[in-house]
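Keeping their order, the protein sequence lines are chains A and B.
Numbers in our numbering are just positions in the first sequence, counted from 1, shifted up by 34.
Numbers in our numbering are just positions in the second sequence, counted from 1, shifted up by 34.
Since the list gives no way to pick one copy over another, a pair counts as held whenever it fits inside one copy or between any two copies.
With a cut-off of at most 25 Å between alpha-carbon atoms, the simulated PhoX-like pairs for lysine-lysine come out as follows: (1) K369 <-> K493; (2) K105 <-> K460; (3) K353 <-> K71; (4) K308 <-> K511; (5) K403 <-> K478.
Calculated directly from the structure, the hints in this document are not laboratory data.
Protein chains: 2
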Amino acid sequence: MRDVALLTDLYQLTMMQGYYQNGYADKDAVFDLYFRKIPSGGGYAIAAGLEQVVEYIEGLQFSVDDLDYLKGLNLFAEDFLKVLQDFRFHGDIDAVPEGTVVFPYEPILRVKARISEAQLIETALLNIVNFETLIASKASRVVAATGGGSVMEFGLRRAQGPDAGIMGSRAAFIGGCQSTSNVLAGKRYGIPVSGTQAHSWIQCFPSELAAFRAYARTFPDQCLLLVDTYNVLKSGVPNAIQVGLELEAEGHPFLGIRIDSGDLTYLSREARKKLDAAGLKHAKIVGSNDLDEHTITAIRAQGAAIDSWGVGTHLITSKDTPALGGVYKLAAEGKDGLFEPRLKVSENISKITNPGIKKIVRFYDQQGKAMADLIALEDEQFQEPLTIFDPIQTWKRKTLTNFKTRELLVPVFRGGKRVYDLPNLKEIQTYAQRECDSLWDEVKRLVNPHHYIVDLSPKLFELRQSLLLEISNSVEKVSKTMK
Amino acid sequence: MRDVALLTDLYQLTMMQGYYQNGYADKDAVFDLYFRKIPSGGGYAIAAGLEQVVEYIEGLQFSVDDLDYLKGLNLFAEDFLKVLQDFRFHGDIDAVPEGTVVFPYEPILRVKARISEAQLIETALLNIVNFETLIASKASRVVAATGGGSVMEFGLRRAQGPDAGIMGSRAAFIGGCQSTSNVLAGKRYGIPVSGTQAHSWIQCFPSELAAFRAYARTFPDQCLLLVDTYNVLKSGVPNAIQVGLELEAEGHPFLGIRIDSGDLTYLSREARKKLDAAGLKHAKIVGSNDLDEHTITAIRAQGAAIDSWGVGTHLITSKDTPALGGVYKLAAEGKDGLFEPRLKVSENISKITNPGIKKIVRFYDQQGKAMADLIALEDEQFQEPLTIFDPIQTWKRKTLTNFKTRELLVPVFRGGKRVYDLPNLKEIQTYAQRECDSLWDEVKRLVNPHHYIVDLSPKLFELRQSLLLEISNSVEKVSKTMK
Numbered sequence: 035m036r037d038v039a040l041l042t043d044l045y046q047l048t049m050m051q052g053y054y055q056n057g058y059a060d061k062d063a064v065f066d067l068y069f070r071k072i073p074s075g076g077g078y079a080i081a082a083g084l085e086q087v088v089e090y091i092e093g094l095q096f097s098v099d100d101l102d103y104l105k106g107l108n109l110f111a112e113d114f115l116k117v118l119q120d121f122r123f124h125g126d127i128d129a130v131p132e133g134t135v136v137f138p139y140e141p142i143l144r145v146k147a148r149i150s151e152a153q154l155i156e157t158a159l160l161n162i163v164n165f166e167t168l169i170a171s172k173a174s175r176v177v178a179a180t181g182g183g184s185v186m187e188f189g190l191r192r193a194q195g196p197d198a199g200i201m202g203s204r205a206a207f208i209g210g211c212q213s214t215s216n217v218l219a220g221k222r223y224g225i226p227v228s229g230t231q232a233h234s235w236i237q238c239f240p241s242e243l244a245a246f247r248a249y250a251r252t253f254p255d256q257c258l259l260l261v262d263t264y265n266v267l268k269s270g271v272p273n274a275i276q277v278g279l280e281l282e283a284e285g286h287p288f289l290g291i292r293i294d295s296g297d298l299t300y301l302s303r304e305a306r307k308k309l310d311a312a313g314l315k316h317a318k319i320v321g322s323n324d325l326d327e328h329t330i331t332a333i334r335a336q337g338a339a340i341d342s343w344g345v346g347t348h349l350i351t352s353k354d355t356p357a358l359g360g361v362y363k364l365a366a367e368g369k370d371g372l373f374e375p376r377l378k379v380s381e382n383i384s385k386i387t388n389p390g391i392k393k394i395v396r397f398y399d400q401q402g403k404a405m406a407d408l409i410a411l412e413d414e415q416f417q418e419p420l421t422i423f424d425p426i427q428t429w430k431r432k433t434l435t436n437f438k439t440r441e442l443l444v445p446v447f448r449g450g451k452r453v454y455d456l457p458n459l460k461e462i463q464t465y466a467q468r469e470c471d472s473l474w475d476e477v478k479r480l481v482n483p484h485h486y487i488v489d490l491s492p493k494l495f496e497l498r499q500s501l502l503l504e505i506s507n508s509v510e511k512v513s514k515t516m517k
Numbered sequence: 035m036r037d038v039a040l041l042t043d044l045y046q047l048t049m050m051q052g053y054y055q056n057g058y059a060d061k062d063a064v065f066d067l068y069f070r071k072i073p074s075g076g077g078y079a080i081a082a083g084l085e086q087v088v089e090y091i092e093g094l095q096f097s098v099d100d101l102d103y104l105k106g107l108n109l110f111a112e113d114f115l116k117v118l119q120d121f122r123f124h125g126d127i128d129a130v131p132e133g134t135v136v137f138p139y140e141p142i143l144r145v146k147a148r149i150s151e152a153q154l155i156e157t158a159l160l161n162i163v164n165f166e167t168l169i170a171s172k173a174s175r176v177v178a179a180t181g182g183g184s185v186m187e188f189g190l191r192r193a194q195g196p197d198a199g200i201m202g203s204r205a206a207f208i209g210g211c212q213s214t215s216n217v218l219a220g221k222r223y224g225i226p227v228s229g230t231q232a233h234s235w236i237q238c239f240p241s242e243l244a245a246f247r248a249y250a251r252t253f254p255d256q257c258l259l260l261v262d263t264y265n266v267l268k269s270g271v272p273n274a275i276q277v278g279l280e281l282e283a284e285g286h287p288f289l290g291i292r293i294d295s296g297d298l299t300y301l302s303r304e305a306r307k308k309l310d311a312a313g314l315k316h317a318k319i320v321g322s323n324d325l326d327e328h329t330i331t332a333i334r335a336q337g338a339a340i341d342s343w344g345v346g347t348h349l350i351t352s353k354d355t356p357a358l359g360g361v362y363k364l365a366a367e368g369k370d371g372l373f374e375p376r377l378k379v380s381e382n383i384s385k386i387t388n389p390g391i392k393k394i395v396r397f398y399d400q401q402g403k404a405m406a407d408l409i410a411l412e413d414e415q416f417q418e419p420l421t422i423f424d425p426i427q428t429w430k431r432k433t434l435t436n437f438k439t440r441e442l443l444v445p446v447f448r449g450g451k452r453v454y455d456l457p458n459l460k461e462i463q464t465y466a467q468r469e470c471d472s473l474w475d476e477v478k479r480l481v482n483p484h485h486y487i488v489d490l491s492p493k494l495f496e497l498r499q500s501l502l503l504e505i506s507n508s509v510e511k512v513s514k515t516m517k
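With the hints as extra help, turn the sequences into a complete structure.
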């Protein structure tokens, strides 16, 4: 990340100045980052983006250029610009590790800091976590749909700008993709890169056969041929078989073919027959062309003979749900280490926030499967048997026994210093897979999944109810005063 | 742009090596960049991203780091890596100016270069032009829906990564937005920045009234108050009026209020009445909350009293159509300045490419309204009366008389040197507005717009038909040989 101090909304800076000028410079606050809805109609999401959050926080300072620009806006006072000049983040951040399975309303990242510091970083934190969590979650669905096949991410050309391609490729790997076409993402994050040739390669040679032979000559041990430039079954596959046999005769393994258009089920089955008949049983078939988890499911259900899937636009943009909609809400404020819970009301019950300094507790059964999560206050402990209830439909109750618990948030920054060792990307991918394994299949169903239980702890529920009542009373009072 | 040489798909690099190793290093090629479908069901798109393309091309070279990384992949030969070491783009690029109204299948950017150079840049060009064109087009729709109201772009927190926020903000301004909340976009592109306060500001003070007064104290001349933290009509608006009157008594103009939740039609009308009754007729009402062109249209149709619109997620992600789907296809190849047209067939008629070196000609009537476009070969001239016809439904004909023509592509690079002066962003916005003015209202309708005519010139049509026949014959021949 570069040049990031101004990667924020203007109101964060105007509010900062307001806090300074109104004697609130040393006020502390706690903010929760959470989302309200799982993307793509799924049953779970996979948290991602923490590494980029860390980079952002560690690189966060205003350049002379930045301050000159702000000065030119004629909004900011000299003394406040001086404050910005020395600005560093000094607060605490807790977050769930990347790759953690998460659900709506869970504070997947929590900031405790001077309120002005906590506000400044809101926009960038949301930008990063929203996008990477979105793409990791989408990738997890796409990979699940292949039933053990491998997925290559190749969406860079359709990604929403360079960062989206690069960070999206990283998130897709966390969600289970095996490789990317994006060379810069490969370099930056160590993701395996893959790719073959485009139709233009084939078109440039006097014939398809000449194009295939030329490619085989250049990459005899990585030869995967694109067979749909002219006609898959009449031209592409026969020519590929001829070159494949030539390669094998010279002692090179023929990797296989890629089909990028037409009916993938029919074409892959026919191509498989031809490859097998020619003695190329080990040659793989890669399918691509506007795929997502639903087309992959349908094509597989019809018996396609595809070993590996190239997925672009739908994955890199999470096309059906291109924004996670994460928010960052004030949960408590205080001074000198003493905090009071805060809550925001809304006409819309789903937009009322959860007050206080909170944690996420996950309850596992003896098989290690996740049964339910509680959003709880930081100091709460739970004994079995434990009866939990839905915070809106409070008559929906469930009693948990014989459980193990795990708290999901881990300390990442303390007093502005990082206290968390970042795992490498492969470790995150492996952890994300274990996380998915801890869910029941019903929760992972791609369409109409079972709703995983996330309840509020009894103490948090009580706190919320009492604050709601308090605000409601005080609004009535204001309203009467105004009449 | 930084660190861009590897912002490409791996296959571009493997193909490059293949061209070098198979004696095709000095082969030239022409590629067209175009899209097949207008996003959001609209009747037109607005081209954007050329400035970032220029930056990319001008900064395009491989660093020592990049070459080390590529070497480590064990795919590339030493002599080819040496070629990359000295790599610069030496070709020609023509493109439509940013802000131009464009339609499907039109080559909005055309590259003529060594084929290896033309391939390397494909991915980044698509990434940039796809995204910025998408967002400029979406912004144009959102702005049109307000019927002359002003639109503030504030989607950074929901954008698909930092670049998407920054480039998206730029593209939104081209499409007609008046300002952005994104400070970095403001600094980088000179876009006016705007913003007020968040709910957390209000929550941090002992009361809403105290929060409003504190903000008014800090920004007495830029005071726009967020009124929906507790209750818009019972608390927010009455408190805002009180502070507004206090400000005005001290000689400061009260800017107005922002409503960010609830029913914007009802709340804005009631708020308007209260503001007017208090003598604050000039105070503006800003509406926000998950808006797009359709909700804005509906809210306005119901008589909302909203002067200015804050639009986030739907705009910055083009949520209903989050990818433009632009492609980059080989149109001709040659050597020493002589080119032969190339065409790619497909089972899907919409995916057959247009061969040859082409231009876009727009035909205007005497009132300056655009009547139709022709995709034509580079050397064609047109005399009236001119009969044009649909390339698929060829019986659909139209005769144009009394027209003026304009060619849309302009030279941007010649021999790797830029020959185009980049206009500033405000000029691009003004030009985009004039471009929209040249379209009939029917083409600009947000839902079910009139289909603007884009036909092929008779010469291009003939060329395409003859190449299709030629390929079809040669596939039959291959197929017979294989049996």
